[in-house]
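S.K.: Per the UniProt record's numbering, the very first residue in the sequence shown carries number 1; after that it's consecutive.
What the hints contain is simulated information worked out from the structure, not anything from laboratory work. Check each hint, because a few of them may be wrong.
Stated by the list, open to error - Ranges of calculated distance between the beta carbons of each label pair, as one might list FRET restraints:
#1 Gly124 to Arg413: 36 to 42 Å
#2 Asn507 to Glu147: 55 to 61 Å
#3 Phe343 to Leu130: 21 to 27 Å
#4 Glu475 to Gly124: 56 to 62 Å
#5 Glu217 to Gly182: 15 to 21 Å
To be verified - When the alpha-carbon atoms are kept at most 20 Å apart in a straight line, the in silico EDC-like pairs for lysine to aspartate or glutamate are as follows:
#6 Lys293 to Asp54
#7 Lys31 to Glu48
#8 Lys295 to Glu283
#9 Lys73 to Asp54
#10 Lys384 to Asp516
#11 Lys95 to Asp80
#12 Lys63 to Glu108
#13 Lys34 to Glu108
#14 Lys95 to Glu48
#15 Lys43 to Asp15
#16 Lys78 to Glu44
#17 Lys408 to Asp461
#18 Lys484 to Glu501
#19 Lys293 to Asp15
We put the CB at the ideal spot given by N, CA and C, even for glycine.
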Amino acid sequence: MGNTLQKHKKSEGEDNFTCEICLESHLPVDKKFKNSSNDKQYKECASEHHFCIDCIAKYIEVKVNAYGKSVIKCPKFKCDVDLEIQSCCSIVSTKVFVRWCDLLCESEILAKFGRHGKRVYCPGCSEVILNECGDDGITRTTCPSCEKLFCFRCMIPLMDQKVHTCCNRNDLLFLDTVARKGWTRCPSCKQSVERTFGCNYIQCRCGNEFCYQCGLEWWSQYSTNHTNCFPHVLQNQSREEELDPFMLRVHSVFIGFAMMSILGNPKFTNNTNLYNILPARLEFGRTFVVRPKGKHLATVVWLHELNQNGFSWYHLLEELPIRNIKWICPTAPRRRVSIYNGFPSTAWFNMLNFAEDARVDIDCLDAAAIHVSNLLSTEPSEIKLGVGGFGMGAAVALYSAACAVEGKLTNGRPYPGNISAAVGLSGWLPIARFLMDKIIGSQEAVARAQSLPLLLCHGKDDDFVFYERGANSSEIFRSPLFQKLTSRTYDRLGHATNTEEMNEVCNWLTTNLALDGSD
Numbered sequence: 001m002g003n004t005l006q007k008h009k010k011s012e013g014e015d016n017f018t019c020e021i022c023l024e025s026h027l028p029v030d031k032k033f034k035n036s037s038n039d040k041q042y043k044e045c046a047s048e049h050h051f052c053i054d055c056i057a058k059y060i061e062v063k064v065n066a067y068g069k070s071v072i073k074c075p076k077f078k079c080d081v082d083l084e085i086q087s088c089c090s091i092v093s094t095k096v097f098v099r100w101c102d103l104l105c106e107s108e109i110l111a112k113f114g115r116h117g118k119r120v121y122c123p124g125c126s127e128v129i130l131n132e133c134g135d136d137g138i139t140r141t142t143c144p145s146c147e148k149l150f151c152f153r154c155m156i157p158l159m160d161q162k163v164h165t166c167c168n169r170n171d172l173l174f175l176d177t178v179a180r181k182g183w184t185r186c187p188s189c190k191q192s193v194e195r196t197f198g199c200n201y202i203q204c205r206c207g208n209e210f211c212y213q214c215g216l217e218w219w220s221q222y223s224t225n226h227t228n229c230f231p232h233v234l235q236n237q238s239r240e241e242e243l244d245p246f247m248l249r250v251h252s253v254f255i256g257f258a259m260m261s262i263l264g265n266p267k268f269t270n271n272t273n274l275y276n277i278l279p280a281r282l283e284f285g286r287t288f289v290v291r292p293k294g295k296h297l298a299t300v301v302w303l304h305e306l307n308q309n310g311f312s313w314y315h316l317l318e319e320l321p322i323r324n325i326k327w328i329c330p331t332a333p334r335r336r337v338s339i340y341n342g343f344p345s346t347a348w349f350n351m352l353n354f355a356e357d358a359r360v361d362i363d364c365l366d367a368a369a370i371h372v373s374n375l376l377s378t379e380p381s382e383i384k385l386g387v388g389g390f391g392m393g394a395a396v397a398l399y400s401a402a403c404a405v406e407g408k409l410t411n412g413r414p415y416p417g418n419i420s421a422a423v424g425l426s427g428w429l430p431i432a433r434f435l436m437d438k439i440i441g442s443q444e445a446v447a448r449a450q451s452l453p454l455l456l457c458h459g460k461d462d463d464f465v466f467y468e469r470g471a472n473s474s475e476i477f478r479s480p481l482f483q484k485l486t487s488r489t490y491d492r493l494g495h496a497t498n499t500e501e502m503n504e505v506c507n508w509l510t511t512n513l514a515l516d517g518s519d
């Protein structure tokens with residue numbers, strides 16, 4: 001092949017050449033790639049190696065995009081001459097050229113700042129961040145590309161944390177795995193234990209005996225099946241855990257026997273069974289936070305619709321013309337949902353249908369209400385607290401507001417939160433009449449109901465949560481109990497929101513959270 005090419009070269013005139021890649025002959029000289037440089041080796045390479053511009057452009061594109069090469073050699077076999085980037089900028093696309101420049105910069109950075117602790121990659125956008133100040137103790141860092149705040153040393157996003165202690169990233173990933181897999185820790189030695197098969201009785205290698213389902217000691221009066229196991233709700237210890245991007249899960253183990261009387265009530269039951277009505281655990285997903293653009297005066301937990309997540313509303317809430325509200329957007333647990341024929345979805349609770357007397361998963365509803373309260377629990381005392389949501393998120397928001405009014409959850413446990421305003425879009429109030437009957441039975445609850453502002457909005461063309469279902473909840477709220485109820489309906493609006501509805505939400509929150517005149 002080499003001899004053949006040499007013959008072609010000798011036979012061709014000075015105005016023609018043969019490409020050594022595509023073997024196209026009699027190509028005009030203006031189609032020849034010139035690797036220009038004053039160095040002797042570059043001149044020798046250019047005079048002896050002949051390639052057309054199209055082949056070199058494709059060769060560079062493959063090296064950059066497919067292999068991530070920053071230094072690209074001449075395609076001639078055993079030639080160690082580098083292709084000059086200045087000679088190539090006019091023959092490759094802008095995208096390839098920019099990528100090549102980035103690779104060259106990164107290779108230079110790695111050569112100069114190769115020692116760990118001098119350069120890191122942003123956990124949000126993977127941008128290279130350099131520590132050029134010479135301080136190895138630097139921690140709080142803001143990425144200049146995505147403006148994400150993170151710790152330079154341990155690579156953990158800081159979010160709203162004011163105090164940060166560096167942790168081992170592998171430890172956090174392990175904790176996330178423990179939560180995701182549903183492993184249980186021994187209450188004695190704190191080692192994580194995975195049950196591969198068998199009953200809930202676990203004997204740890206330290207000798208301690210405990211229940212795998214609830215993590216409690218295996219008391220002697222319990223049977224071998226641990227039938228008297230009394231599940232409990234584990235509240236999150238701090239807001240920082242909820243905002244952790246590695247999702248340090250807050251596990252909720254439910255109160256089974258306390259709910260049996262409620263689930264057996266004809267108001268909430270029918271002949272159809274719920275999928276997974278009493279799950280062993282719930283794993284709440286990632287929480288997203290929209291920070292206030294002005295002075296922080298109020299915090300609102302906003303809950304998403306069935307089969308969505310907290311990020312679904314993040315950008316919309318960020319663009320609202322309200323400068324003084326901090327929005328917290330949590331993500332519901334992933335679980336089997338009966339309304340989807342048992343298909344796994346992110347859902348705040350389980351339900352069969354949207355009928356007023358449909359059976360609902362009361363203990364999951366209580367767990368969601370506690371989750372809302374936990375998210376609001378560390379806000380400063382002068383900050384006004386609110387809750388809102390869309391669809392199933394609106395159902396949990398209204399249920400949380402009703403529990404805050406009564407001061408108790410449906411299972412009888414105290415509701416630990418205080419809510420100043422509640423918003424429900426395209427939603428409904430689960431077990432509405434049961435809750436209203438409980439509120440009427442307490443004078444203190446009635447007083448709190450009369451002072452709680454509520455906003456209910458619904459589209460008349462909603463084909464998922466029918467308008468009539470939301471209207472029934474509005475009528476129940478429209479009793480003398482809730483005197484500060486505002487109800488809005490929208491023609492030609494389906495199971496969605498629009499500008500008119502969101503403007504109504506902004507104006508209503510501004511008025512009822514006393515945000516008028518705030519910067």
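S.K.: Holds or violated: Lys384 and Asp516, Cα atoms, limit 20 Å.
M.R.: OK: Lys384 and Asp516 at ~14 Å, within 20 Å.
S.K.: Does the Cβ-Cβ separation between Phe343 and Leu130 fall within 21 to 27 Å?
M.R.: 47 Å, violated
S.K.: Regarding the pair Lys31 and Glu48, is the alpha-carbon distance no greater than 20 Å?
M.R.: 16 Å, holds
S.K.: Below or equal to 20 Å on CA atoms is what counts here, so check Lys295 against Glu283.
M.R.: The given pair, whose Cα atoms are some 33 Å apart, is violated under the 20 Å limit.
S.K.: Hey, Lys293 versus Asp54, does the alpha-carbon distance stay inside 20 Å?
M.R.: 51 Å, violated
S.K.: Could you say whether the range 15 to 21 Å given as a hint is met by the Cβ separation of Glu217 and Gly182?
M.R.: 20 Å, holds
S.K.: Given the hint that Lys95 pairs with Glu48, test it: the Cα-Cα distance must not exceed 20 Å.
M.R.: 30 Å, violated
S.K.: Is the Cα-Cα distance between Lys95 and Asp80 20 Å or less?
M.R.: 26 Å, violated
S.K.: Straight-line Cα separation of Lys293 and Asp15 no greater than 20 Å?
M.R.: At roughly 66 Å apart (the allowed maximum being 20 Å), Asp15 and Lys293 break the hint.
S.K.: Evaluate the given range 36 to 42 Å for the C-beta pair formed by Gly124 and Arg413.
M.R.: 39 Å, holds
S.K.: Just to be careful, I want the Cα atoms of Lys484 and Glu501 compared with a cutoff of 20 Å; is the pair within it?
M.R.: 18 Å, holds
S.K.: Verify the proposed pairing of Lys408 with Asp461, using a straight-line Cα cut of 20 Å.
M.R.: With a Cα-Cα distance of about 35 Å, the restraint between Lys408 and Asp461 is violated, given a limit of 20 Å.
Hints 2, 3, 4, 6, 8, 11, 13, 14, 17 and 19 from the list above are not met by this structure, while the remaining hints are.
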